[in-house]
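> Sequence:
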Amino acid sequence: YIYEYSKEEDLSLDIAQVYNDNKNSVYRLAFTYLHSRAEAEDICHNVFIKMIEHKASVFPGKEKAWLLTVTANECKNWLKFQKRHKCEELTDTIPTKEAASQDTDILEAVMSLSIKERTVIYLYYYEGYTTEELAGILKISGSAVRSRLERARKHLKFKLEGENYHAG
36 YIYEYSKEED LSLDIAQVYN DNKNSVYRLA FTYLHSRAEA EDICHNVFIK
86 MIEHKASVFP GKEKAWLLTV TANECKNWLK FQKRHKCEEL TDTIPTKEAA
136 SQDTDILEAV MSLSIKERTV IYLYYYEGYT TEELAGILKI SGSAVRSRLE
186 RARKHLKFKL EGENYHAG
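Letter 146 of the sequence shown, counting from 1, is numbered 181 in this note's numbering, and no numbers are missing.
Hints were generated in silico from the structure; no laboratory data involved.
Glycine included, every Cβ here is placed at the ideal spot set by N, Cα and C.
A portion of the hints provided could be inaccurate.
Straight-line C-alpha distance at most 25 Å; calculated DMTMM-like pairs for lysine to aspartate or glutamate [as the list claims (entries may be wrong)]:
hint, residue 1, residue 2
1, Lys174, Glu162
2, Lys174, Glu185
3, Lys90, Asp77
4, Lys192, Asp140
5, Lys118, Glu76
6, Lys121, Glu152
7, Lys174, Asp140
8, Lys58, Asp77
9, Lys121, Asp49
10, Lys85, Asp140
11, Lys90, Glu152
12, Lys90, Asp49
13, Lys99, Glu162
14, Lys85, Glu74
15, Lys99, Glu74
16, Lys118, Glu168
Restraint ranges, calculated between C-beta atoms of paired labels, are given here [to be verified]:
hint, residue 1, residue 2, range
17, Ser182, Tyr161, 29 to 35 Å
18, Lys151, Ile87, 31 to 37 Å
19, Ser176, His70, 36 to 42 Å
Take these sequences, add in the hints, and give me the full structure.
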C-alpha cells in the first residue's frame, strides 16, 4: 500500500515536520559515512529534496526509515564517485598570493574563453577526465570535445602570446 497525497492536502507543513523531526538523524548518518561536515550537509539537503520529489513513495509513519535508507545510499554513491574521481582538497589548491599573481594572466585568459571552452579546459586539465568521459558528461560526441579542446588551446595560445607570455 502506497499512500498518495491528494493535491488538496497542505504538504508544506508535513514536510517541514518530517524535516524537523529527522534532520539531525540524517545529518549524523551522513557525517558518519563521510567524515566531512560540508559533504554531510550536502547529502542531507539532497535527501530531503528527494523526499519532496518522491513523497508519494514514502509510507506515513515510515519516513525516518525511508530517509535513513536514502541517506545511506546517497553516501555510498558519493564515496564511489570520490573513489573513481580523485579530487584534490580545496585547501591544498588555494594559491598563495605570490603564486596567484604569477597565474593571473593564465587565469584571466581561461576566464575570457567561452563557457563551452572553459568547461572542457577545466574538466580535462584540472579534473583529469578523458575526452570520452567528457563526451558522456557533456552529452556531446568525443569529436566535439576534442574540437572544443583544440579551439580553446588555440584561443589561449593567442591570448597569452598576445600578452608576450612565454612559458618556460
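> Work down the list of hints and note, for each, if the structure agrees.
Checked hints:
For the hint pairing Lys174 with Glu162, the CA-to-CA distance comes to about 17 Å; that is within 25 Å, so the pair holds. Straight-line distance between C-alpha atoms of Lys174 and Glu185 comes to about 18 Å, which keeps the hinted pair within the 25 Å bound. Taken as a hint, the Lys90 and Asp77 pair is honoured in the structure, with Cα atoms around 20 Å apart against an allowance of 25 Å. Simply put, Lys192 and Asp140 have alpha-carbon atoms about 12 Å apart, close enough for the 25 Å limit, and the pair holds.
Under the criterion of a C-alpha separation no larger than 25 Å, the hint pairing Lys118 with Glu76 is consistent with the structure, at around 20 Å. The suggested pairing of Lys121 with Glu152 holds, with an alpha-carbon distance near 23 Å, which does not exceed 25 Å. Distance hint between Lys174 and Asp140 is unfulfilled; the C-alpha atoms sit about 31 Å from each other, more than 25 Å. Distance restraint check for Lys58 and Asp77: the Cα-Cα separation of roughly 12 Å lies within the 25 Å cut-off, and the hinted pair is therefore satisfied.
A hinted pair counts as satisfied when its Cα atoms are at most 25 Å apart, and Lys121 with Asp49 does not qualify at roughly 39 Å. The suggested pairing of Lys85 with Asp140 is violated, with an alpha-carbon distance near 42 Å, which exceeds 25 Å. This hinted pair does not check out: Lys90 and Glu152 have alpha carbons roughly 39 Å apart, beyond 25 Å. For the hint pairing Lys90 with Asp49, the CA-to-CA distance comes to about 10 Å; that is within 25 Å, so the pair holds.
Of the supplied pair hints, the one linking Lys99 and Glu162 is violated, its CA atoms being roughly 36 Å apart against a limit of 25 Å. Proximity of Lys85 to Glu74 is assessed by CA-CA distance (about 16 Å); at most 25 Å being required, the pair is judged to hold. With a C-alpha separation of about 20 Å, the suggested pair Lys99 and Glu74 falls inside the 25 Å cut-off, and the hint holds. Taken as a hint, the Lys118 and Glu168 pair is honoured in the structure, with Cα atoms around 16 Å apart against an allowance of 25 Å.
The hint said 29 to 35 Å for the Cβ distance between Ser182 and Tyr161, and at roughly 20 Å that hint is violated. With their beta carbons about 32 Å apart, Lys151 and Ile87 fall inside the hinted range of 31 to 37 Å. As the Cβ distance of Ser176 to His70 is approximately 39 Å, the hint placing it in 36 to 42 Å holds.
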